[in-house]
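Same order as they appear, the protein sequences are chains A and P.
Numbering (our numbering) for the first sequence: 1 to 294.
Numbering (our numbering) for the second sequence: 1001 to 1088.
Do not rely on the hints blindly, as some may be mistaken.
Stated by the list, open to error - Stretch-level coverage of chain A by chain P, calculated; a stretch enters the list once three of its residues show a Cβ under 8 Å from a Cβ in chain P:
1) 33–46
2) 221–228
As the list claims (entries may be wrong) - Lysine to any residue pairs mimicking SDA-like chemistry, simulated, CA-CA at most 25 Å apart:
3) A/Lys-147 with P/Leu-1015
4) P/Lys-1013 with A/Glu-156
5) A/Lys-59 with P/Gly-1037
6) P/Lys-1013 with A/Gly-92
7) P/Lys-1013 with A/Lys-75
8) P/Lys-1013 with A/Gln-36
9) A/Lys-147 with A/Ala-127
10) A/Lys-31 with P/Leu-1014
11) P/Lys-1013 with A/Lys-59
12) P/Lys-1013 with A/Ala-127
13) A/Lys-147 with A/Leu-90
14) A/Lys-147 with P/Lys-1013
15) P/Lys-1013 with A/Thr-189
16) A/Lys-147 with P/Ala-1083
17) A/Lys-59 with P/Glu-1074
18) P/Lys-1013 with A/Asn-148
19) P/Lys-1013 with A/Ala-257
20) P/Lys-1062 with A/Thr-189
21) P/Lys-1013 with A/Ala-183
22) P/Lys-1013 with A/Gly-168
23) A/Lys-59 with P/Leu-1015
24) P/Lys-1013 with A/Asn-50
25) P/Lys-1062 with A/Gln-41
26) A/Lys-59 with P/His-1038
27) A/Lys-25 with A/Pro-228
28) P/Lys-1013 with A/Thr-144
29) A/Lys-75 with A/Ala-127
30) A/Lys-59 with P/Lys-1062
31) P/Lys-1013 with A/Gly-72
32) A/Lys-31 with P/Lys-1013
33) A/Lys-147 with P/Glu-1066
34) P/Lys-1013 with A/Leu-90
Said to hold, decoys possible - Pair ranges (Cβ atoms, derived):
35) A/Glu-156 with P/Gly-1055: 38 to 44 Å
36) P/Gly-1055 with A/Asn-50: 50 to 56 Å
37) A/Glu-47 with P/Gln-1087: 35 to 41 Å
38) P/Gln-1087 with A/Glu-216: 23 to 29 Å
39) P/Gln-1087 with A/Met-264: 41 to 47 Å
40) A/Ser-13 with P/Glu-1018: 25 to 31 Å
By construction, these hints were calculated from the structure, which means they are not laboratory data.
Predicted model, so just to flag it, every value in this text is computed and none were measured.
Note that beta-carbon positions come from the ideal geometry of N, C-alpha and C, so glycine has one too.
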Amino acid sequence: MASLKALKVRITSVKSTQKITKAMKMVAAAKLRRAQMAAEQGRPYAERLNDVMARLAAKVVVGPESPRLLAGSGKDQLHLIVVATSERGLAGAFNTNIVRAARKKADTLIAQGKTVRFYLIGKKGRAVIQRLFPGTIVHQVDQTHIKNVAFTDALEVARDLTTRFQNGEFDVAHLFYARFQSALVQAPTEQQIIPVSTPAAAPQASNVAAAAVEYEPDEEAILAELLPRNVAIQLFRAMLENAASEQGSRMTAMDNATRNAGDMINKLTIVYNRTRQAAITTELIEIIAGAEAL
Amino acid sequence: MANLHFELVTPEKLLRSEDVHMVVVPGTEGDFGVLAGHAPFMSVVRSGELTIYSGPNTVSGKIHVEGGFAEVNERGLTVLAEAATEQA
């Protein structure tokens, strides 16, 4: 049995760990609120852009001369998997879940004989992917310095991706991130970002299309302008959702850790008290035995 | 005369959603003013100043927008801007 001293040290150490996890949980809760608000405020833009895209896509016929971002490169060989993870750990299964989803997809694609490359946003997925698919990481975006995700950050990534696509570095890009459902549930989600999957036309599209819409410049030019922006917006949304999910996941993980630490302290305290009692009893027996021997 | 419903949205948030008299938008092919009852219209927006009129002769606000997209439909005017900063 551990000595009293060792037990005492152990209890103190668990207690200080508990303090840390408790503080982390509180910080995550505060950050979650902010991240959630940001995610919600980003929604109107994405929704309206989707509307406009649907209406435009209905007008423009996809042909060989339409923008490549919409029509694709005509091939389906090189797949780029964009994995958005967090920059920091201690967020429960958050990063693991995203990476696992991406891995599954990569395995299926490889089984189909496709070439898979990885593009990482955030550093937490790197180790696993490096180990499982060595030499396939083409780029990693470092976001350590970013506190709150701004649209310009997403824009930069989108520009980089679009350039790589134009240079023929890949044919199809899939994006993996965790969609925020609640503080407890974050669903790893897959989305094809390049070529742009045309959103389904809104139900009221029929009467809108009836009114002659004037375009300035023409439909194709607007679409060409809009497509890269759409990629940026999808990325931005994913980043916002990811940020909220990360904090939610961390909050839950830290809450569990705090509770576990509490349980552990209780158990250790009981062991400590028992040991102390046993020591006292032993001492008493020794004294009594000594007195009787006299 | 009915008012024009105007919405200015950036990726970060919904900046404005209000009824106004007229909005002058900097389009890539020239500025254009939108009043209530404007014909359906779509245009790319260049970086520049967007002016909001609350009455025929009263400017109620100027907003600097950076690139984006404007759409006029039967519900009103929606400007999707990449970035927007309110001018004093």
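Handout entry: Hint numbers contradicted by this structure
Key = 6, 7, 11, 12, 19, 20, 22, 23, 27, 29, 30, 31, 34, 36, 37, 39 and 40
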